[in-house]
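*Asks:* Here is how the chains run, residue by residue.
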Amino acid sequence: DVKVTQSSRYLVKRTGEKVFLECVQDMDHENMFWYRQDPGLGLRLIYFSYDVKMKEKGDIPEGYSVSREKKERFSLILESASTNQTSMYLCASSLEEYSNQPQHFGDGTRLSIL
Amino acid sequence: ILNVEQSPQSLHVQEGDSTNFTCSFPSSNFYALHWYRWETAKSPEALFVMTLNGDEKKKGRISATLNTKEGYSYLYIKGSQPEDSATYLCAFGGGTSYGKLTFGQGTILTVHP
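These protein sequences, in sequence, are chains A and B.
Count along the first sequence from 1, add 1, and you get the number used in our numbering.
Count along the second sequence from 1, add 40, and you get the number used in our numbering.
Any given hint could be a false lead.
Unchecked claim - Keeping only pairs whose Cα atoms sit at most 25 angstroms apart, straight-line, the calculated SDA-like set for lysine to any residue is:
no.	chain 1	residue 1	chain 2	residue 2
1	A	Lys72	B	Glu85
2	B	Lys82	A	Thr87
3	A	Lys71	A	Pro103
4	A	Lys56	A	Arg45
5	A	Lys72	B	Ser137
6	A	Lys4	B	Glu85
7	A	Lys54	A	Ala82
8	B	Lys118	B	Val89
9	A	Lys56	B	Gly135
10	A	Lys54	B	Gly135
11	B	Lys97	B	Tyr71
12	B	Lys99	B	Tyr112
13	A	Lys72	B	Gly135
14	B	Lys97	B	Tyr112
15	B	Lys97	A	Pro103
16	A	Lys58	B	Asn69
17	B	Lys82	A	Asp29
18	B	Lys98	B	Ala86
19	A	Lys56	B	Ser83
20	A	Lys56	B	Asn43
21	B	Lys98	B	Pro66
22	A	Lys71	B	Ser83
Stated by the list, open to error - Ranges between beta-carbon positions, derived for each pair:
no.	chain 1	residue 1	chain 2	residue 2	range
23	A	Asn85	B	His52	29 to 37 angstroms
24	A	Glu70	B	Glu123	34 to 42 angstroms
25	B	Ser67	A	Ile61	21 to 29 angstroms
26	B	Glu110	A	Pro40	27 to 35 angstroms
27	B	Ala81	A	Ser83	21 to 29 angstroms
28	A	Pro40	B	Pro66	23 to 31 angstroms
29	B	Gly94	A	Leu42	27 to 35 angstroms
30	A	Ser83	B	Gly119	43 to 51 angstroms
31	A	Glu70	B	Gln54	47 to 55 angstroms
32	A	Val53	B	Val53	39 to 47 angstroms
33	A	Arg74	B	Gln54	39 to 47 angstroms
34	B	Gly94	A	Thr6	35 to 43 angstroms
35	B	Gly119	A	Glu18	43 to 51 angstroms
To be verified - Now the stretches of chain A that chain B is said to cover, found in silico as 3 or more residues with beta-carbon under 8 angstroms:
no.	stretch
36	32-44
37	98-111
If you are wondering where the hints come from, they were derived from the structure by calculation, not from laboratory data.
C-beta: ideal position from N, C-alpha, C; glycine also.
Chain A extracted, bound-state conformation (with noise of 0.2 angstroms):
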């Protein structure tokens, strides 16, 4: 069974701050995706990745960035931490780079800005 492991399921953090959020997959997948879920809008995809140091833009990729240096891991990045970016956070990963292959998730972070 493929695994996506999501470093944390809780974080709280301030306004302004640098925040990583790491997500590590151990079925040697091609593709990475970060998404973030609000109440009512479904998953919005941020940023995903189709191969290693292969970054694209998703939906809503304002106030993000993203790193994938090795290919397992696909780390996303709040560049200064904002109250709106509070939100549920889903990393997922799925095998190569055709939309018909399913998506494998991580079971989410809950991020709150205060």
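With the hints as your guide, set chain B onto chain A.
*Replies:* Coordinates of chain B only, in the frame set by chain A:
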């Protein structure tokens, strides 16, 4: 941004009822349609990935159909059980999306004993 719509937003049914929900998506540049189940305090789990017009998939009491020409998919649950309570998400994958999916806002199903 692609438009993927799910209805209803939420649904309450009694144990034993059968139910269904709808996902509508763009009918152009279609590559795949996914259904996921997301239970509280767990991670979303893939139910089905469908790629062909007319596809029907089944997993236990849950089944799904796909119409790519008109851009909709139905998810059916037969004889709902309390453990079926979850948010059901559909997601559209386009032909040039590098594996990227666009999710609907989800249908929250609550099954009352």
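*Asks:* List in ascending order the numbers of the hints, as given earlier, that are violated by the structure.
*Replies:* Per hint list: zero violations.
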